[in-house]
Amino acid sequence: DSGVTQTPKHLITATGQRVTLRCSPRSGDLSVYWYQQSLDQGLQFLIQYYNGEERAKGNILERFSAQQFPDLHSELNLSSLELGDSALYFCASTSTGDSNQPQHFGDGTRLSIL
Amino acid sequence: GENVEQHPSTLSVQEGDSAVIKCTYSDSASNYFPWYKQELGKRPQLIIDIRSNVGEKKDQRIAVTLNKTAKHFSLHITETQPEDSAVYFCAASPNTGFQKLVFGTGTRLLVSP
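Chain order of the listed sequences is A and B.
For the first sequence, the numbering used here gives the first residue as 1, with consecutive numbering after it.
For the second sequence, the numbering used here gives the first residue as 1, with consecutive numbering after it.
Bear in mind the hints are in silico, worked out from the structure with no lab data behind them.
Since this is a predicted model, take the numbers as computed values, not measurements.
There's no promise every hint is true.
[Stated by the list, open to error] Subject to a maximum C-alpha distance of 25 Å in a straight line, what follows is the list of computed PhoX-like cross-link-like pairs (lysine-lysine):
no.: 1; chain 1: A; residue 1: K9; chain 2: B; residue 2: K42
no.: 2; chain 1: B; residue 1: K100; chain 2: B; residue 2: K68
no.: 3; chain 1: B; residue 1: K22; chain 2: B; residue 2: K57
no.: 4; chain 1: B; residue 1: K58; chain 2: B; residue 2: K68
no.: 5; chain 1: B; residue 1: K68; chain 2: B; residue 2: K22
no.: 6; chain 1: B; residue 1: K100; chain 2: A; residue 2: K57
Let's have the full structure, built from the sequences with the hints guiding it.
So this is what it looks like as structure tokens:
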């Protein structure tokens, strides 16, 4: 158990819909990272938050947005969903916002678009 | 920005053999190099990491070596076991605050009994 909690574990929805993925970081960690992993692909960095503020942005689509709340949990919002958005979405956390610290991953949310 | 290349993409070995996965990076400022193991459908798990102030680090059957001059680092697994079968990702990060961790494309390791 990494201490990072992601909900829901599975999500099935249709094209055009909107979903929200939730992540709670390890106790004491201030930074949250979101990754997308399509089938048999690598980890694509989406976005990073540190103590409530956006710190780094990767290849995140305009249809996607995220935020980190005062209690440090984060939500990733995906809208106007397309078939290609089907993937595993992982959240990771670190104690500081520096990327040269070990990232601890949650178990992911598997999103299936029908 | 940083770019990480990982080879091979797939690696098949017999149980008991050694396995070596290699990564190269482009940013000479990178100083943190973790390796993650990901079993099918599971989360990536950190198995070992190394910082640029050391050249080698070992943890039981796993070792990582770093060559800063050549900008490459390698994962070595000795006495492989079937449970070592997974996808392994290398990554690199510069020591400059909020720079993102850059992952390699992954190596699928298959250990046959």
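Consistency of the hints with the structure:
A hinted pair counts as satisfied when its Cα atoms are at most 25 Å apart, and K9(A) with K42(B) qualifies at roughly 11 Å. Distance restraint check for K100(B) and K68(B): the Cα-Cα separation of roughly 20 Å lies within the 25 Å cut-off, and the hinted pair is therefore satisfied. For the suggested pair K22(B) and K57(B), the alpha carbons sit about 15 Å apart, so the restraint of at most 25 Å is met. Between K58(B) and K68(B) the CA atoms are separated by roughly 18 Å; this keeps the pair inside 25 Å, and the hint holds.
Restraint check for K68(B) and K22(B): the C-alpha separation of about 13 Å stays at or below 25 Å, so the hint holds. Restraint check: the Cα-Cα separation between K100(B) and K57(A) comes to about 8 Å, which is no more than 25 Å; the hinted pair holds.
The structure fails none of the hints (numbered hints given earlier).
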